[in-house]
Amino acid sequence: MTVLLEVENLTVDIPLAAGDLHAVRGVDFTVKKGETLGIVGESGCGKSITSFAIMNLLPQSAVRNSRRLVFDGQALDELSEEQLSDIRGNKMSMIFQEPMTSLNPSYTIGEQLIETLLRHRKAARREAVERAVFLLEKVGITAAASRLKQYPHQLSGGLRQRVMIAMALMCGPEMIIADEPTTALDVTIQAQILNLLAGIQSEFQMGQILITHDLGVIASVAHRVAVMYAGQFVETGSVAEVFETPMHPYTQGLLACIPIPGKTKRGSFLGSIPGKVPTLIGDQTGCSFANRCAYVKEACLLKNVPMNSIGSVRSYRCILSSEVCYQNAREAACS
Amino acid sequence: MLIYTIKRALLATLVALTVSMLTFGLLHLSSDPAVALAGEDATEEDIQMVRVDYGFDKPLPVQYLAWLTKALQGDLGTSFYFNIPVSKLLQQRLPVTLTLGACSLVFAILSAVPLGVLAAMRPNTKLDRFCLTLAVSAQAMPAFWFGLMLIVVFCLWFPLLPVSGSDTWQHFVMPTIVVGTNAMPAIMRLTRTGMLDVLATDYIRTARAKGLRPKTVLLKHALRNAVIPVIAVIGVQAGYMMGGSVIIETVFGLNGLGLLAYESIMYFDLACMEAVVLLLCFVFIITTFAADIMNAWLDPRIRIG
Ligand SMILES: Nc1ncnc2c1ncn2[C@@H]1O[C@H](COP(=O)(O)OP(=O)(O)O)[C@@H](O)[C@H]1O
Ligand SMILES: [Mg+2]
Numbered sequence: 000m001t002v003l004l005e006v007e008n009l010t011v012d013i014p015l016a017a018g019d020l021h022a023v024r025g026v027d028f029t030v031k032k033g034e035t036l037g038i039v040g041e042s043g044c045g046k047s048i049t050s051f052a053i054m055n056l057l058p059q060s061a062v063r064n065s066r067r068l069v070f071d072g073q074a075l076d077e078l079s080e081e082q083l084s085d086i087r088g089n090k091m092s093m094i095f096q097e098p099m100t101s102l103n104p105s106y107t108i109g110e111q112l113i114e115t116l117l118r119h120r121k122a123a124r125r126e127a128v129e130r131a132v133f134l135l136e137k138v139g140i141t142a143a144a145s146r147l148k149q150y151p152h153q154l155s156g157g158l159r160q161r162v163m164i165a166m167a168l169m170c171g172p173e174m175i176i177a178d179e180p181t182t183a184l185d186v187t188i189q190a191q192i193l194n195l196l197a198g199i200q201s202e203f204q205m206g207q208i209l210i211t212h213d214l215g216v217i218a219s220v221a222h223r224v225a226v227m228y229a230g231q232f233v234e235t236g237s238v239a240e241v242f243e244t245p246m247h248p249y250t251q252g253l254l255a256c257i258p259i260p261g262k263t264k265r266g267s268f269l270g271s272i273p274g275k276v277p278t279l280i281g282d283q284t285g286c287s288f289a290n291r292c293a294y295v296k297e298a299c300l301l302k303n304v305p306m307n308s309i310g311s312v313r314s315y316r317c318i319l320s321s322e323v324c325y326q327n328a329r330e331a332a333c334s
Numbered sequence: 000m001l002i003y004t005i006k007r008a009l010l011a012t013l014v015a016l017t018v019s020m021l022t023f024g025l026l027h028l029s030s031d032p033a034v035a036l037a038g039e040d041a042t043e044e045d046i047q048m049v050r051v052d053y054g055f056d057k058p059l060p061v062q063y064l065a066w067l068t069k070a071l072q073g074d075l076g077t078s079f080y081f082n083i084p085v086s087k088l089l090q091q092r093l094p095v096t097l098t099l100g101a102c103s104l105v106f107a108i109l110s111a112v113p114l115g116v117l118a119a120m121r122p123n124t125k126l127d128r129f130c131l132t133l134a135v136s137a138q139a140m141p142a143f144w145f146g147l148m149l150i151v152v153f154c155l156w157f158p159l160l161p162v163s164g165s166d167t168w169q170h171f172v173m174p175t176i177v178v179g180t181n182a183m184p185a186i187m188r189l190t191r192t193g194m195l196d197v198l199a200t201d202y203i204r205t206a207r208a209k210g211l212r213p214k215t216v217l218l219k220h221a222l223r224n225a226v227i228p229v230i231a232v233i234g235v236q237a238g239y240m241m242g243g244s245v246i247i248e249t250v251f252g253l254n255g256l257g258l259l260a261y262e263s264i265m266y267f268d269l270a271c272m273e274a275v276v277l278l279l280c281f282v283f284i285i286t287t288f289a290a291d292i293m294n295a296w297l298d299p300r301i302r303i304g
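Chains as they are written, first to last, in numbering that gives the first Met the number 0: chain A, 0 to 334; chain B, 0 to 304.
Don't read these hints as lab results, they were simulated from the structure.
Since the model is a prediction, treat every value here as computed from it, not as a measurement.
Do not rely on the hints blindly, as some may be mistaken.
Unchecked claim - No more than 35 Å apart at the CA atoms, straight line, and that leaves these computed lysine-lysine pairs for DSBU-like:
{"no.": "1", "chain 1": "A", "residue 1": "K148", "chain 2": "B", "residue 2": "K214"}
{"no.": "2", "chain 1": "A", "residue 1": "K90", "chain 2": "B", "residue 2": "K214"}
{"no.": "3", "chain 1": "A", "residue 1": "K148", "chain 2": "B", "residue 2": "K6"}
{"no.": "4", "chain 1": "A", "residue 1": "K302", "chain 2": "A", "residue 2": "K137"}
{"no.": "5", "chain 1": "A", "residue 1": "K32", "chain 2": "B", "residue 2": "K6"}
{"no.": "6", "chain 1": "A", "residue 1": "K31", "chain 2": "B", "residue 2": "K214"}
{"no.": "7", "chain 1": "A", "residue 1": "K137", "chain 2": "B", "residue 2": "K69"}
{"no.": "8", "chain 1": "B", "residue 1": "K6", "chain 2": "B", "residue 2": "K69"}
Turn these sequences into a full structure, and let the hints steer you where they fit.
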């Protein structure tokens with residue numbers, strides 16, 4: 000499979016009155032064609048900022064740096080804003096967390112769908128309308144032609160998110176970034192939207208980054224997963240491996256927090272990770288999870304912990320050896 | 000939208016009625032119109048005669064109803080001073096004031112909106128601060144003083160424009176600048192904050208994520224939403240302009256409603272005074288009403304409930 004997106008040592012700093020906020024602190028990943036990478040982590044750990052950094056949609060004051068940021072053979076960090084805008088919405092699209100506010104209240108659904116295609120393709124308006132109707136039907140919206148004349152406030156949150164998905168697909172992108180696409184929706188609708196996204200992703204063989212704070216979502220739709228904590232990835236690997244044997248104490252804690260049907264006994268204790276996420280403002284040394292870790296040692300606090308690789312796709316950020324981590328994972332699963 | 004318009008129209012009519020009642024009442028109570036009418040060396044009997052003649056002896060509500068019935072038929076009485084029907088007088092003067100108002104409004108909008116947008120595009124830069132300074136100075140400047148300064152510069156130092164009158168378009172240049180400059184700061188600052196708010200919204204991020212060009216994002220997606228609150232303020236500003244015209248028309252000798260208001264007050268021309276004050280109020284009510292309707296029409300959330 001061809002690599003679509005390569006990110007190496009991506010950092011994002013946001014200058015604040017209290018000092019620089021290191022929202023993303025050296026993130027590496029790749030996304031291949033036809034593959035879904037799940038990024039999971041607690042709210043505030045830098046998931047959205049990571050995705051905005053790829054598209055260069057960061058807040059004005061934010062500073063982005065990277066060793067490599069290559070999409071489809073093009074170095075994104077060397078492109079002008081004009082060249083970047085040719086890629087946005089065209090080869091790479093984004094779906095946001097807030098469907099209620101992500102559509103312009105003053106324009107019809109139709110207009111907002113159509114303008115995307117007309118921006119990137121030499122197409123007649125009629126063709127754009129046809130494409131919009133086709134995609135609205137594709138994302139499961141009935142009476143699509145008449146919906147085109149409706150305004151966002153006339154649609155429910157679930158419908159608006161479907162419209163956002165259709166909008167992202169207007170130009171047939173190679174890659175889609177979905178930032179918590181179901182967080183703001185009712186639980187009953189969440190599954191529908193996720194299935195829809197997964198179906199579309201495999202049908203069009205797109206690369207996808209699916210951001211969520213819900214491990215259950217990752218388990219059902221992602222191929223690979225990256226666990227994010229305080230601006231860094233602390234563990235990456237295939238979904239099967241990470242869920243089977245989580246290496247990093249944080250991942251182990253996260254997995255202990257969700258009940259697994261058939262495995263978790265009724266009425267048994269659901270774990271939670273004690274302690275608070277460290278501040279991202281200012282420099283810090285040592286493992287950022289140290290203050291909440293059950294296995295913390297003095298060495299953890301002394302220097303920054305690099306990623307340890309096991310095999311080609313697995314890695315974790317902990318000073319413990321892989322044998323010890325395996326052992327801990329097994330014990331955590333049994334308890 | 001129709002129901003909304005009807006509701007607003009009813010409300011506007013109610014306000015208009017209340018205003019007419021208040022104006023009538025206040026003007027009649029402020030001093031005895033019969034005394035003013037009868038002249039300086041009138042005897043007590045003369046005054047009493049005038050009072051009966053004009054119906055000033057009747058209770059105020061009765062006078063008001065009589066006046067309202069006539070007014071609704073287009074009869075606003077006769078001006079004591081000019082000695083012609085007040086309605087004729089208004090017909091002559093209203094176009095001048097409306098022309099001045101329209102020109103000033105266009106001038107204010109054309110200078111305020113672009114400046115507001117520019118300032119919002121580069122917040123807290125030199126450009127932004129320049130716009131803010133401009134707005135603050137424009138607001139701090141008294142209209143009559145600014146008017147006199149313009150006269151000094153463009154009539155005395157560089158004799159380019161006529162000083163007073165309302166015969167040619169040149170006569171309207173300086174008044175337009177003065178009145179427009181007065182209305183500009185409020186519109187500019189609201190455009191700026193409106194744009195700043197809108198530029199930070201999620202749907203602007205969506206527009207950028209779609210790859211739309213900066214110009215499209217700014218003008219099509221941002222400005223369209225940012226002007227909605229601005230229009231309400233423009234409506235109010237248009238109303239203020241009507242009130243401000245009293246001063247400006249006097250300074251520049253423009254033969255409009257404002258000057259008429261001044262003259263009728265000077266000579267205590269009651270019928271005329273009433274009519275002018277009411278007309279100015281009505282223009283205010285109408286512009287506010289128009290702004291409301293335009294707002295609703297621009298905002299689909301109101302247009303299509
Ligand atoms: N515009 C901003 N200004 C300042 N700080 C921000 C801004 N956006 C995000 N942050 C901070 O950056 C960190 C990461 O945020 P984000 O990527 O939104 O987290 P999440 O993982 O929930 O998507 C958080 O600590 C947040 O407070
Ligand atoms: Mg987020």
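A quick look at each hint next to the structure:
no.: 1; hint: A:K148 with B:K214; verdict: holds (25 Å)
no.: 2; hint: A:K90 with B:K214; verdict: holds (21 Å)
no.: 3; hint: A:K148 with B:K6; verdict: holds (26 Å)
no.: 4; hint: A:K302 with A:K137; verdict: violated (51 Å)
no.: 5; hint: A:K32 with B:K6; verdict: violated (58 Å)
no.: 6; hint: A:K31 with B:K214; verdict: holds (34 Å)
no.: 7; hint: A:K137 with B:K69; verdict: violated (67 Å)
no.: 8; hint: B:K6 with B:K69; verdict: holds (27 Å)
In this structure, the earlier hints numbered 4, 5 and 7 are contradicted, and the remaining ones agree with it.
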